[in-house]
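This is what each chain is made of:
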Amino acid sequence: MKLTVTLPTQNGPDMVLKNPIMPAAGTFGYGIEYIDALPLSRLGAIVTNSFAIAEGSPSPAKRFYQADYGFVSSFGPNNMCYKQFLKEILPRLPHETTPVIMDVKAFDLNELAEFVHILSHVKELAAIEVNLNCPYGNMAIPAYWKAPETLEMLLKTVRQAAGQKPLWIKAPTAEYPYAEVVRAAGDNGADAFVTFNALGGCAVDVATRRYQSGSFGGGGYSGPGLKPYALAAARAVAAAAQIPTIAAGGIVCADDILEYILVGADAIQVGAANLMAPDAMARLLDDLERRMEELGIDSLDEIRGTARV
Amino acid sequence: MKESFVVHSQVLARECQTLPGGTYAEYTIACGNALFKPGQYLMLRALKHAVSWPDAYLIHAATGQGFKVLAHQGQELARCAAGDRVEYWGPRGSSPVTSGDALLLVAQPETVQLVYPFTLGNPHECLVLTGEAAIARALDKIAALQNKKAILALNPDTLAQLDEAGRARQTPFANCFLYVSNKKACGINACKGCYLHSPTRHFGINACCQGPFMPYTAVDVTQDGNCFEYFSLQEVAT
Chain U
1 MKLTVTLPTQ NGPDMVLKNP IMPAAGTFGY GIEYIDALPL SRLGAIVTNS FAIAEGSPSP
61 AKRFYQADYG FVSSFGPNNM CYKQFLKEIL PRLPHETTPV IMDVKAFDLN ELAEFVHILS
121 HVKELAAIEV NLNCPYGNMA IPAYWKAPET LEMLLKTVRQ AAGQKPLWIK APTAEYPYAE
181 VVRAAGDNGA DAFVTFNALG GCAVDVATRR YQSGSFGGGG YSGPGLKPYA LAAARAVAAA
241 AQIPTIAAGG IVCADDILEY ILVGADAIQV GAANLMAPDA MARLLDDLER RMEELGIDSL
301 DEIRGTARV
Chain P
1001 MKESFVVHSQ VLARECQTLP GGTYAEYTIA CGNALFKPGQ YLMLRALKHA VSWPDAYLIH
1061 AATGQGFKVL AHQGQELARC AAGDRVEYWG PRGSSPVTSG DALLLVAQPE TVQLVYPFTL
1121 GNPHECLVLT GEAAIARALD KIAALQNKKA ILALNPDTLA QLDEAGRARQ TPFANCFLYV
1181 SNKKACGINA CKGCYLHSPT RHFGINACCQ GPFMPYTAVD VTQDGNCFEY FSLQEVAT
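So the sequence lines, in the order shown, correspond to chains U and P.
Take 1 as the starting number for the first sequence in this note's numbering and just add one per residue.
Take 1001 as the starting number for the second sequence in this note's numbering and just add one per residue.
Among the clues, some could well be false.
[Unchecked claim] Using 20 angstroms as the maximum straight-line C-alpha spacing, the simulated SDA-like pairs for lysine to any residue come out as follows: (1) P/K1148 / U/K83; (2) U/K83 / P/K1048; (3) U/K87 / P/R1201; (4) P/K1048 / U/K87; (5) P/K1148 / U/A67.
[Claimed, not checked] Anything over 12 angstroms on all C-beta distances counts as not near chain U; from chain P, calculated: (6) L1127; (7) N1189; (8) P1215.
[What the hints assert, rightly or not] Just so you have them, the derived chain U footprint on chain P, three or more residues with Cβ under 8 angstroms: (9) 1010-1024; (10) 1045-1053; (11) 1175-1187; (12) 1201-1210.
Rather than coming from a laboratory, the hints here were simulated on the basis of the structure.
Ideal Cβ placement from N, Cα and C applies to all residues, glycine included.
Same shape as in the complex, but just chain U (with noise of 0.2 angstroms):
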C-alpha cells in the first residue's frame, strides 16, 4: 500500500510526505507537546502553531468553546517567541524524517515580509505557511485577500522573502474565492494551498448572558460540522489549482481523508479530531491503511480526484 505523497515545489526538489496526514495550525501546540502522545515521526508533516515575529500574550477573553459538531476558539495572538521556538523545540522534533512548516502571520506586510525571510534560512524548516487570515490586530487594513491587487502585492512580496524556501499559502477563512486566490497563489510562486480555515461563529450561555468566546463576543468555528462545506472548498479549490492543495475541514476519520483525496486534495490537515484526543492523528493514519486495504486501494495517486457523479 502506497500512502505516501508527492508535492512538487516550484523552485526546488519535491517535498514527500510519508503519508497525506499532517496537524492544522492552531490546534497541535507546536509539535512537541504530543512527543508522548504518539510518534511524531509517524506524519505526513507538522504544521506548528502560528508564530508572529513578537511574542504574543493571551487573549483577555475566553479562548474556546466547545459546541456540537466544532469548536469556536479565539487565542489572540499568544504565540510564544518564535526564536525559542527554533533554539529549545525544533530540534527536538523529528525533521530530518518528517518535514516541519512554520505557520506564520503578522500585523502588517512589512513585518510578514521580514519574518518569512528570517524563517527562510532556517534549515530544518521544510517550508513556511502563510497564514492569508492577516494581517491580525488591526481592523483599518482591509484583509489582503480581498483585492486581487493586494493579494497579489502579498503574494509576490511574501515569494521574494521566502528565497527558494518552499512557500504554503493558507486560505484566509471559509468563504473566498477559491479558484482566484488559488490561481493567484499559483501564479505568484506558492508551492501549495492549504484550501480551509475557520467560519465565523459564536455562542451564547444563556444563563449568564454572555458570549462563550472570544474579545469580540466570537472566534473561528471549526470542526466536523462543516465538513461538507469545507469539502465542496476543496473540490473547488484543487479544480482550479496549479499547484498541490492541502485540504482541510472537520476531518474525524478515515473517510473523511478518503473523501478529501477523491475530490482532488493531495493531502490533508487535521484539526479539531486534534483536540478531541491527542493521539487523534495517529489512529487516523491506522484506520486510513485499514479502510483503504478494505476497499481496495493501492494508492492515493490512484483515486485522488476520481469522485464522480
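Got chain U sorted already, so can you dock chain P onto it with the hints?
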C-alpha cells in the same frame, strides 16, 4: 511495552454524591493502577457520540478498581452509565498540597465540588461562602492562615469581589491556591487556551499542567477573570 498515553477504559459505577451545591454524579473510571494527588484531574472523553470533546474531571479518590470523579450536569460524562466506554489521559496537572498539610478550603455552594478532592485526605476546614459578610469572613480566615494553606474555588464575580476586598485590606494571599477554571481543551499544554497573563512571561503561564490550582499571587484576577468559568447549583438525574 510503553503504556498508551490515551487510556481506553469504561465506567465501572455511577452513584450520586450530594454536596452543598447539589447532587453530582460520581463515577468510578476503570484503571488498574490508579494513583493521584489532590488537585490533579483526568482529561476524559465519553464515547457516546462520534463527535465528543474531552473535559477535565478532578479526581477525588482512587480505589483498587479505578479513579473516582464527579461530573456536573453540563458535562458529557454525566449522561454515561456503568459499562459505557470512555477514554482518558492523566492524571494531569499538579497538586498544591502534600500529605498532612492543614487546609482552609474556601468555596461557594456552586463550586464546592472543586475543593471536594481536598476534603478526603488532609485535615481541613471548609468555608462555604454565603451571605453578605462571607467575603470579609473569608479574608479574616486567610489573614490568619499561619501554617495552613488555603484552597480557593470561586465563580468569577465572587472571586472579583474577594480580590478587590483583599487588595483593599492588603491581604497577602501567601499560601493561597486558586482553582483556575479557564477552559482546558487538551490538558497537555497544546491548545494554549488556558494560558494566564504573567508579569514575567509575556507568552503567559499554562494552567492545565502547572495548575489547575495555581498560587493566588500568580493569577491576575483583573486581567484573566473574564476567562474563568461559571459553575451552577446541580441536580443531576439520578
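Far enough from chain U: is every CB of that chain over 12 angstroms from the CB of P/N1189?
-> violated, 5 angstroms
Whether P/L1127 stays farther than 12 angstroms from all C-beta atoms of chain U, as the label says = Answer for P/L1127: holds, closest chain U Cβ roughly 25 angstroms.
Report holds or violated for chain U covering the stretch 1045-1053 of chain P, Cβ cut-off 8 angstroms, minimum 3 residues.
-> holds (count 5)
Do three or more residues of the stretch 1010-1024 of chain P come closer than 8 angstroms to chain U, measuring C-beta to C-beta?
-> violated (count 0)
Check whether three or more residues of the stretch 1175-1187 of chain P sit with their beta carbon closer than 8 angstroms to a beta carbon of chain U.
-> holds (count 4)
Hint consistency between U/K87 and P/R1201 [alpha-carbon to alpha-carbon, up to 20 angstroms] | Measuring from Cα to Cα gives roughly 17 angstroms; hence the hint holds.
Annotated coverage of the stretch 1201-1210 of chain P by chain U, confirmed only when three residues or more have a Cβ within 8 angstroms | With 3 residues closer than 8 angstroms to chain U, the stretch 1201-1210 of chain P meets the three-residue bar; holds.
P/K1048 and U/K87: Cα distance at most 20 angstroms?
-> This hinted pair is violated, its Cα atoms lying about 42 angstroms apart.
Do the alpha carbons of U/K83 and P/K1048 lie within 20 angstroms of each other, as the hint requires?
-> violated, 43 angstroms
Below or equal to 20 angstroms on CA atoms is what counts here, so check P/K1148 against U/A67.
-> With a Cα-Cα distance of about 41 angstroms, the restraint between P/K1148 and U/A67 is violated, given a limit of 20 angstroms.
Would P/P1215 pass as off the interface with chain U, using Cβ distances and a cut of 12 angstroms?
-> holds, 17 angstroms
Decide if the proposed pair is consistent with the structure: P/K1148 and U/K83, CA atoms, cutoff 20 angstroms inclusive.
-> violated, 42 angstroms
The structure fails to meet hints 1, 2, 4, 5, 7 and 9 from the earlier list, while all remaining hints are met.
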